[in-house]
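K.L.:
In case you want the letters, here they are:
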Amino acid sequence: QAQTKDTLVLKPKASLEKWYDKISLRGYAQLRYNGLIESNPNLKCEQCDRSWGDGGDFFIRRIRLIFFGQISKKVYLYIQPDFASSAGTSSNFGQIRDAYVDVGLDNDNEFRFRFGQSKIPYGFENMQSSQNRITLDRNDAINSAAANERDLGLFFYWAPKEIRQRFSDLVKLGLKGSGDYGVFGFGAYNGQTANRPDLNNKQHLIARLSYPFLFGKQFIEPGIQAYTGKYVMAADQLSSGVKTNANRNYLDQRIAATLVVYPQPFGLQAEYNIGKGPEFNKQTDSIEVKSLNGGYVMLNYMARINNHLLYPFIKAQYYDGGKKHERDARSYLVKELEVGAEWEPNKFLELVVNYTFSSRRFEDFVLQDNLQRGSLLRIQAQVNF
Amino acid sequence: QAQTKDTLVLKPKASLEKWYDKISLRGYAQLRYNGLIESNPNLKCEQCDRSWGDGGDFFIRRIRLIFFGQISKKVYLYIQPDFASSAGTSSNFGQIRDAYVDVGLDNDNEFRFRFGQSKIPYGFENMQSSQNRITLDRNDAINSAAANERDLGLFFYWAPKEIRQRFSDLVKLGLKGSGDYGVFGFGAYNGQTANRPDLNNKQHLIARLSYPFLFGKQFIEPGIQAYTGKYVMAADQLSSGVKTNANRNYLDQRIAATLVVYPQPFGLQAEYNIGKGPEFNKQTDSIEVKSLNGGYVMLNYMARINNHLLYPFIKAQYYDGGKKHERDARSYLVKELEVGAEWEPNKFLELVVNYTFSSRRFEDFVLQDNLQRGSLLRIQAQVNF
Amino acid sequence: QAQTKDTLVLKPKASLEKWYDKISLRGYAQLRYNGLIESNPNLKCEQCDRSWGDGGDFFIRRIRLIFFGQISKKVYLYIQPDFASSAGTSSNFGQIRDAYVDVGLDNDNEFRFRFGQSKIPYGFENMQSSQNRITLDRNDAINSAAANERDLGLFFYWAPKEIRQRFSDLVKLGLKGSGDYGVFGFGAYNGQTANRPDLNNKQHLIARLSYPFLFGKQFIEPGIQAYTGKYVMAADQLSSGVKTNANRNYLDQRIAATLVVYPQPFGLQAEYNIGKGPEFNKQTDSIEVKSLNGGYVMLNYMARINNHLLYPFIKAQYYDGGKKHERDARSYLVKELEVGAEWEPNKFLELVVNYTFSSRRFEDFVLQDNLQRGSLLRIQAQVNF
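Chains as they are written, first to last, in the working numbering: chain A, 734 to 1118; chain B, 734 to 1118; chain C, 734 to 1118.
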């Protein structure tokens, strides 16, 4: 009986706290419409938004349900399925984006380990939630580091308590912050990007340093980040006939610099990266390790008008390199200019209007010599709950 | 600092209200058993219930989790995945049925816009939730207007406050109402039906008028609705060898009339539609625009016995036309008679027993000359939560 | 008006109780790492863990969200999707594991019917949740009775109130109980295993008897269970060229014995089963009904050290037979020894380290003559919420 009483102490406590105080649900959803003005139906961007190009009427880009909570003093849970994921020819299935746990090492969780699938800490715009980002899509140059920005692994983050609060404020204040991925981050992960199995038993390694300085009232966040690893071209990514190296393992390494001047009210956001990775070469019909480089600059502004928020912006981007997670590590040369604005009439609704001028060369074994130019008007309605 | 304080006002309010007072979860699930009496294993109905025909033991028809809430005075959220959806050869994946937001224009939300994937307002039985419907499946004639009754688009609904309340009461009173799709509805949507990408950059347009009159104590709701658009036969819907027109765009337009006499205690429900749409023609091995027509009449009764509810019914239906979302726009000639009853011992459980006499001709490029007759006994247990 | 008032009594009560007091959410997730020590990349186990063998870095084994609740005095709901399910080449989709309702016949729900998809009551280790199990995977011998341990059907369970409490305590006390599948269980189910449609209109029948005795302070649970039915080899399970019998229906029947001495602090768990079922025969290139037998013995220990729990264990298993739900009813001869320990620093986190010595022959039409031996170190982190 003594044994029984002792063990009783450990577990049943759980039933005293209410589940809904431990776990919360929030989320957001995005509906797009690209069909209003579109000069070239062959201008597409697989990673940005599958509704570019022909047949681009209404399109659900994201339906996110986020189950999260500080389930104990040192354990934080975050599970985020997206219900706008495709499986075969049918759309809008629920698939995991994030599924991770943070385990703090100290009482303020200044030092913490993150286990599971989460964003790899590479690039400010990648870290920034799509819920907060002003532009409709991330830039090709840095977003091509990882499909869905995520991978499966083990990460370590450190930030002092005061800066953790600042990361949080930069979102809450409407300044479009990245959230808290630490002042310093370090990690090891599979390297095949989100929701894809590992193929080579070798991990990618990554490190990042980012600090949100406060100069007077102005927040400025410079950052630097780099990763290295071997990416394996999976069988289902390859066109029949394309040549690869023997074990289909390719060097995949990049370094990026970031500068964010938060919009108070004028903002500037710029990132650039260089590196090497697999890329289709149409001269040889093969996938080879090639150099890549590119980045973007965005100017934005935050205006408050009668409790409405308005963020006009202009963004220019460039990318020359491959996209490892696309067919045959598709080769890209992207030059793009976007102008637009995000309007938040209240905290529940957002509307973005985005005019894009684009020149995109994207080529794989099947689609060689494919340079597409054009412009399109894009509209997005977002609900936050 | 002023800037910071000002912006602080806008966002952090969210944390004051509890998430579970803003978002609610409810749902229902249906388990079917068709194997008791079944005279013809080749008698099937893809749109009704994939467990008709051979191998029809236990079958989960729906597992619905509904996340919903009036998240602000004028913004209503409704996200409903179904966890009984198939992906490839495996079943019971979570896939979106509804994902929409209603934005009210006035304080009573009498005028509202609906963004996202939702039911297209065509037909009373289509609007009525499967949670409330008495018969196990919807009629072929009107349900063939849209797979899963839904599509992605932008809709406008209007109903006076008093009638919004009445729509709500017609469900709460056990009268099997449709829910509130407005007295007047109007919309534009992709036209390829739920969870399928748009293919032609042209929208379908729809309008509906429906009014639940109260004569003495008796509710009677007549309605009329119509839509028009171009449906594109998708590549994965076509048998190899079947002929189509050049761009695979087909006229798709219908008009339907509805009369509902709510069961107080005797009820009558009748709908009929005519129109044109793609249909397989076995004489020419091609998909052509053809006329379609059909509808149903149902007589039902609501009995209360010791707080149990019992709804006996008899329903006859007829449909002659194509089903655009099936293989080769499969050609149908359906004559069917159903008798049965729904029993609700309490608000959590329902049991339906349904005897079906059916004659179904359904033909595509692969399965030509296919007339199937027979009868079967079907049973469904439903849980509401 | 009388009619209206009367009917009002029945339904609107629902709105008085809060949804979150009726439905609760809990769950758990498991992250594995198999890449540290692995002597043979061709040593794999499809049913255990797809990350054995080459490319086995980080791997999410389970992400379970459980929506459950006693929604009325006699109706209990349990819906459990797993968000680590694969669909085609992409991972981490949400797919149902459990979706059932228990309907009690008496006020203590001692007698209850279970409708829906749930675990078939065959084997103690199968019933025991992966959240509670010490070893990383279930034994091949008894787990091969049903993929994912589950099927769709109708079950009856009986247990006296006092023993229902004991089943619950055996989990809460950290003794790794099975949960409550009744002292006596009986059921009829499709027989094609979880999330697969029925193919033969014939049900499997199952019965189980299991009783957790208390001798002094020591809990001991012996059990016996058996099932019989016809399994149909589905078209998508067959290699092209493999021979089957005419209607692909195969006898599938087993009987198993269980003995569990709960770890107070020393524990012993042993199960064994014999039976017949479909199995690939490489002599004839065909799938035939063959005999099968196998089981396991595990010794374990529960230690409490400063409120941490530690469970060291050693487990030996053997299986000679087919796995009906794998390609060509793959033929197996498994001999395996595992040693390891589970460490629970608190109720939210668990870490398992498992060293496996394995000899596995697994052969189908494509992979004939395939005996793999080796050893590997496996690590799992689990979060409970």
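Be careful, since some hints might not be right.
With a Cα cut of at most 30 Å, we get these calculated DSS-like pairs of lysine-lysine [claimed, not checked]:
id, chain 1, residue 1, chain 2, residue 2
1, A, Lys905, A, Lys777
2, C, Lys1023, C, Lys963
3, C, Lys755, B, Lys1080
4, A, Lys751, B, Lys777
5, C, Lys1023, B, Lys1080
6, C, Lys755, B, Lys807
7, C, Lys935, B, Lys905
8, A, Lys1015, A, Lys976
9, A, Lys1009, A, Lys1068
10, A, Lys935, C, Lys935
11, C, Lys935, B, Lys777
12, C, Lys777, A, Lys963
13, B, Lys1080, A, Lys1080
14, B, Lys751, B, Lys806
15, A, Lys1023, A, Lys777
16, C, Lys1080, A, Lys755
17, C, Lys806, C, Lys894
18, C, Lys1080, A, Lys751
Have a look at the derived ranges for each label pair, beta carbon to beta carbon [stated by the list, open to error]:
id, chain 1, residue 1, chain 2, residue 2, range
19, A, Glu750, C, Arg866, 45 to 53 Å
20, B, Asp1018, C, Asp969, 47 to 55 Å
21, B, Glu779, A, Arg1037, 49 to 57 Å
22, B, Leu1084, A, Glu750, 43 to 51 Å
23, B, Asp1018, C, Arg1094, 49 to 57 Å
24, C, Ser1019, B, Ile1112, 34 to 42 Å
25, B, Lys751, A, Asn1079, 42 to 50 Å
26, C, Phe946, B, Tyr1034, 37 to 45 Å
27, B, Leu1084, C, Ala968, 33 to 41 Å
28, A, Arg1094, B, Ser972, 34 to 42 Å
29, C, Phe999, B, Ser805, 31 to 39 Å
30, A, Asn840, B, Lys751, 41 to 49 Å
Here chain C is said to cover these stretches of chain A; the calculated rule only asks that three of the stretch's residues, wherever they fall, bring their Cβ under 8 Å from a Cβ of chain C [said to hold, decoys possible]:
id, region
31, 753-759
32, 797-808
33, 812-820
34, 845-858
35, 932-939
36, 986-992
37, 996-1010
Since the hints were derived computationally from the structure, they do not count as laboratory data.
Glycine included, every Cβ here is placed at the ideal spot set by N, Cα and C.
K.L.:
Measure nothing beyond the straight line between the CA atoms of A/Lys1009 and A/Lys1068; if it is 30 Å or shorter, mark the hint as holding.
P.N.:
holds (20 Å)
K.L.:
Compare the distance between the alpha carbons of C/Lys777 and A/Lys963 with 30 Å, and conclude whether the hinted pair is satisfied.
P.N.:
holds (23 Å)
K.L.:
Could one say that the CB atoms of C/Phe999 and B/Ser805 fall in the range 31 to 39 Å?
P.N.:
Hint violated: Cβ distance 59 Å, outside 31 to 39 Å.
K.L.:
Could you say whether the range 34 to 42 Å given as a hint is met by the Cβ separation of A/Arg1094 and B/Ser972?
P.N.:
Given a distance of about 37 Å, which is inside 34 to 42 Å, the answer is holds.
K.L.:
Hey, A/Lys751 versus B/Lys777, does the alpha-carbon distance stay inside 30 Å?
P.N.:
Violated: A/Lys751 and B/Lys777 sit about 47 Å apart, past 30 Å.
K.L.:
Please test the hint of 49 to 57 Å on the beta carbon pair from B/Asp1018 and C/Arg1094.
P.N.:
About 51 Å separates the Cβ atoms of B/Asp1018 and C/Arg1094, which means 49 to 57 Å holds.
K.L.:
Could you grab the alpha-carbon distance between C/Lys1023 and B/Lys1080 and see if it respects the 30 Å cut-off?
P.N.:
violated (49 Å)
K.L.:
Residue count check for the region 845-858 of chain A against chain C: does it reach three with CB-CB under 8 Å?
P.N.:
holds (count 3)
K.L.:
Given the hint that B/Lys751 pairs with B/Lys806, does the C-alpha gap stay at or below 30 Å?
P.N.:
holds (16 Å)
K.L.:
Are there three or more residues in the region 812-820 of chain A whose C-beta lies closer than 8 Å to some C-beta of chain C?
P.N.:
holds (count 4)
K.L.:
Report holds or violated for chain C covering the region 996-1010 of chain A, Cβ cut-off 8 Å, minimum 3 residues.
P.N.:
violated (count 0)
K.L.:
Hint check: A/Lys905 vs A/Lys777, CA-CA at most 30 Å. Holds or violated?
P.N.:
violated (34 Å)
Hint compliance for this structure: hints 1, 4, 5, 7, 10, 13, 19, 20, 22, 25, 26, 29, 30, 36 and 37 are broken, all remaining hints hold.
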